[in-house]
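Chains as they are written, first to last, in the numbering used here: chain A, 187 to 312; chain B, 187 to 312.
Hint data in this document are derived by calculation from the structure and do not stem from the laboratory.
Treat the hints with caution; some may be incorrect.
Same chains, same names: a pair is fine if it fits in one copy or spans any two.
The calculated lysine to any residue pairs, modelled on SDA-like cross-linking and capped at a C-alpha distance of 20 angstroms, are [said to hold, decoys possible]:
id: 1; residue 1: 230; residue 2: 265
id: 2; residue 1: 250; residue 2: 207
id: 3; residue 1: 230; residue 2: 301
id: 4; residue 1: 230; residue 2: 310
id: 5; residue 1: 197; residue 2: 274
id: 6; residue 1: 230; residue 2: 260
id: 7; residue 1: 230; residue 2: 219
id: 8; residue 1: 250; residue 2: 232
id: 9; residue 1: 285; residue 2: 193
id: 10; residue 1: 230; residue 2: 298
id: 11; residue 1: 285; residue 2: 275
id: 12; residue 1: 230; residue 2: 193
id: 13; residue 1: 250; residue 2: 297
id: 14; residue 1: 230; residue 2: 190
id: 15; residue 1: 197; residue 2: 227
Chain by chain, the residues run as shown.
2 protein chains.
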Amino acid sequence: MSQMDPDAVSKAFVEHYYSTFDTNRVGLAGLYQEASMLTFEGQKIQGVQSIVAKLTSLPFQQCKHHISTVDCQPSGPASGMLVFVSGNLQLAGEEHALKFSQMFHLMPTPQGSFYVFNDIFRLNYA
Amino acid sequence: MSQMDPDAVSKAFVEHYYSTFDTNRVGLAGLYQEASMLTFEGQKIQGVQSIVAKLTSLPFQQCKHHISTVDCQPSGPASGMLVFVSGNLQLAGEEHALKFSQMFHLMPTPQGSFYVFNDIFRLNYA
Chain A
187 MSQMDPDAVS KAFVEHYYST FDTNRVGLAG LYQEASMLTF EGQKIQGVQS IVAKLTSLPF
247 QQCKHHISTV DCQPSGPASG MLVFVSGNLQ LAGEEHALKF SQMFHLMPTP QGSFYVFNDI
307 FRLNYA
Chain B
187 MSQMDPDAVS KAFVEHYYST FDTNRVGLAG LYQEASMLTF EGQKIQGVQS IVAKLTSLPF
247 QQCKHHISTV DCQPSGPASG MLVFVSGNLQ LAGEEHALKF SQMFHLMPTP QGSFYVFNDI
307 FRLNYA
């Protein structure tokens, strides 16, 4: 990860994350680890199993994320990366899309990839 | 910081940050350091002097932030803290408030306080 352009890495991550979310939500398990944290609309969840259980139990089946902005910054000397996303979430059968903001803290793995250490999601109500 | 409740610390930080922004913007200098990064509506800025120059040159004088949500998570073993904020920004003379999302990565100082290492700000356009 450290050898790649951070903006390119974060954009690739964001595309991978939301396309997995929209097509095969259980596949998100590969992006979290036991120490991973998710705060979803204020609810705190920890660990890959609990996080995937939460994401797969959300009260909608079909959805489509549309990304508006992606910002990234290195998070410090441990070579993590912060990714900040804004966009819209379209649920099947709903007329209006929901606006959301989400941040990820990506940490490198020994294999040269990365995983989601921190994840905070909020809907932006009008 | 490590001895305090993270939710209490993040809430206190958020109140301090936005009240300083709304009443004495140049006073935000005390919260950043040379390594600090700000991404403001996609524009990347580094260092306390450049960050404060940006914040004090925004094209409005009077403003008032209203906070809707504050979420926080520890960012890793270095005992930093991620703070994720959503809210509204009311500018003087404008009828409608602007929705925004912002994230801060707070890092501890040797004096037991903390400073803003990462700061990403986005308006959430309707």
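Could you check the structure against the hints above and give me the numbers of any it violates, in ascending order?
-> The structure conflicts with hints 8, 9, 10, 13, although it agrees with all the remaining ones.
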